[in-house]
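Peer 1: Below, each chain spelled out in residue letters.
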Amino acid sequence: MTASVVVTGLGVTAPNGLGARDFWNATLAGKSAIGPLTHFDASPYPAKLAGEITGFTAEDHLPSRLMPQTDRVTRLSLIAADWALADARVRPAELPEFDMGVITASSAGGFEFSQRELKNLWSQGGQYVSAYQSFAWFYAVNTGQISIRNGMKGPSGVVVTDQSGGLDAVAQARRQIRKGTRLVVAGAVDALLCSWGWVGLHTSGRLSTATEPTNAYLPFDDRAGGHVAGEGGALLILESAESARARDAKVYGEIAGYAATFDGQEPGLRKAVELALADARLAPSEVDVVFADAAADPELDRIEAETLVAVFGERGVPVTAPKTMTGRLYAGGAALDLATAFLALEDGVIPPTVHVEAAERFGLDLVVSQPRPAALRTALVLARGHGGFNSAMVVRA
Amino acid sequence: MSQTFTLDDLKRILLEGSGAPEGTGLSGDILDTEFSDIGYDSLALLETAGRVEREYGIELDEAVVGDASTPRAFLDAVSAHLMTPAA
Chain A
1 MTASVVVTGL GVTAPNGLGA RDFWNATLAG KSAIGPLTHF DASPYPAKLA
51 GEITGFTAED HLPSRLMPQT DRVTRLSLIA ADWALADARV RPAELPEFDM
101 GVITASSAGG FEFSQRELKN LWSQGGQYVS AYQSFAWFYA VNTGQISIRN
151 GMKGPSGVVV TDQSGGLDAV AQARRQIRKG TRLVVAGAVD ALLCSWGWVG
201 LHTSGRLSTA TEPTNAYLPF DDRAGGHVAG EGGALLILES AESARARDAK
251 VYGEIAGYAA TFDGQEPGLR KAVELALADA RLAPSEVDVV FADAAADPEL
301 DRIEAETLVA VFGERGVPVT APKTMTGRLY AGGAALDLAT AFLALEDGVI
351 PPTVHVEAAE RFGLDLVVSQ PRPAALRTAL VLARGHGGFN SAMVVRA
Chain B
1 MSQTFTLDDL KRILLEGSGA PEGTGLSGDI LDTEFSDIGY DSLALLETAG
51 RVEREYGIEL DEAVVGDAST PRAFLDAVSA HLMTPAA
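Respectively, the protein sequence lines represent chains A and B.
Residue numbering for the first sequence follows UniProt numbering, beginning at 1 and increasing consecutively.
Residue numbering for the second sequence follows UniProt numbering, beginning at 1 and increasing consecutively.
Calculated from the structure, these hints are not laboratory results.
In this text the structure is predicted, and so the values were computed from the model without any measurement.
From the three backbone atoms N, C-alpha and C, an ideal C-beta is built for every residue, glycine too.
Don't take every hint at face value.
What the hints assert, rightly or not - Simulated pairs of lysine to any residue, SDA-like, Cα-Cα distance not exceeding 20 Å: (1) 11(B) to 250(A); (2) 11(B) to 27(B); (3) 11(B) to 63(A).
Said to hold, decoys possible - Derived coverage of chain B by chain A (criterion: at least 3 residues anywhere in the stretch with Cβ under 8 Å from a Cβ of chain A; other residues may be distant): (4) 20–31; (5) 55–66.
Stated by the list, open to error - Example chain A residues on the side facing chain B (calculated, C-beta under 10 Å, incomplete): (6) 63; (7) 65; (8) 129; (9) 130; (10) 135.
Bound-form chain B, shown alone:
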């Protein structure tokens, strides 16, 4: 079974777990915007990673969360896990 993880999935999970940021927030082209500029801190990413793990049945390395500073980096990291699911 192959799964995909899209920007819309990420936005939905960010909103569910951490609420909507102020300002322009999640609208517009945010793929390469730093999460800190969007309005999400490291804890919001930790919460998001936890929710992604739950929903997709994968385990993300802590480094993935720590290093992914933009939505694109986060999507790439999750997608890599989806192609090689954890045991």
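Bound conformation, chain A alone:
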């Protein structure tokens, strides 16, 4: 028999809100953070809009020793982890260090840090590259720094599967908890809005080149023309239900089902959904809301819509994509969707998909413009990673 794994804490760093409560209030208010990129001069590039985190000063939250050795993404990750632990009322120093693990996903590692060091390398020479470059760029750096800061030496790791990674990391955490680890910090934060990262993002061919924030990222809309990139994400505290009960923790809900597939001759998304529902032992009719991957690419939108209609029936389940307010956060995006799903279950309300006019032909019941109150027990979160990754996760209150 497999143990039930629950979420007891949320730490959110999102473009439209810092902290789970700020983010959730902004999301219900339909507050979009998509706007002109300000972190560097984006005028020479085709895509000029992004979902940036503003009003964030890492020095206010982290010790001086960490500043020279961390990229922006790691600072955001460390703060998200701190907030998630505080939300869960967990003091890591009071727990045995090998009972706690850290499993994050990453799409790019510390890009901005690397850009600066590589620039030093080529313009001034190897002597000018920081010793901290040895790890500050690395995909696993967020896991490592969270582990060091909190003294967490249990099963840890990193998964690199683009957007899917946010769910894959949580799934890996669930496996480790079922094997006996007491607590895992899991999820993802991504941040690569530097000029080098920006060039890399363009290679997907999926970035929107729109200049008006209100028509730049429009999944399931006839005007869909790619996505807007953003930065941020969420980290979650996962524990066995037994452990959570023993310490009388607040429980957001359970990670009830999960599956991952890879696109082959056929798109693998539908199989991922079906396997995740089977893993959760739930019928499609028991799912109350779907958080869509929402690529805003006509072909990818078609595949996702056909998947949802095939599994749930035409307009068979409410679908939403609050990431229309943040942009796609890559691995961070799926983790943020997962956190959002728990907040939605808690408050009994489906957050909106902003600015979108849902195309009739897709047959989706897309929640647009306004939040929709609903009795929510179960949510399905979907994520597709560039290159053919599909992940589906079912959560239950």
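Since the structure of chain A is already known, use the hints to place chain B on it.
Peer 2: Just chain B now, kept in the frame of chain A:
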């Protein structure tokens, strides 16, 4: 040209390259305090050595960094190099 490398130089370079440690940190008499007790790990010393090499135009042996566990030992090692500059 003779150069000197003082405790203040070392503190400045540590702060620039690796940030300020927590606790008492760099204040007080730290000449014979272990770097690990001050709050700097081996990587911080590697970064510091790299910065000293850049600034003073010298090359430090890896062993120097590895063996210098206190500010005094580090200062002595750098001073020895400053007296016999690398080619």
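Peer 1: All hints, please: hold or fail.
Peer 2: A quick look at each hint next to the structure:
| no. | hint | verdict |
| --- | --- | --- |
| 1 | 11(B) to 250(A) | violated, 46 Å |
| 2 | 11(B) to 27(B) | holds, 10 Å |
| 3 | 11(B) to 63(A) | holds, 17 Å |
| 4 | 20–31 | holds (count 3) |
| 5 | 55–66 | violated (count 0) |
| 6 | 63 | holds, 6 Å |
| 7 | 65 | holds, 4 Å |
| 8 | 129 | holds, 8 Å |
| 9 | 130 | holds, 6 Å |
| 10 | 135 | holds, 8 Å |
When the structure is compared with the earlier hints, violations turn up for hints 1, 5 and for no others.
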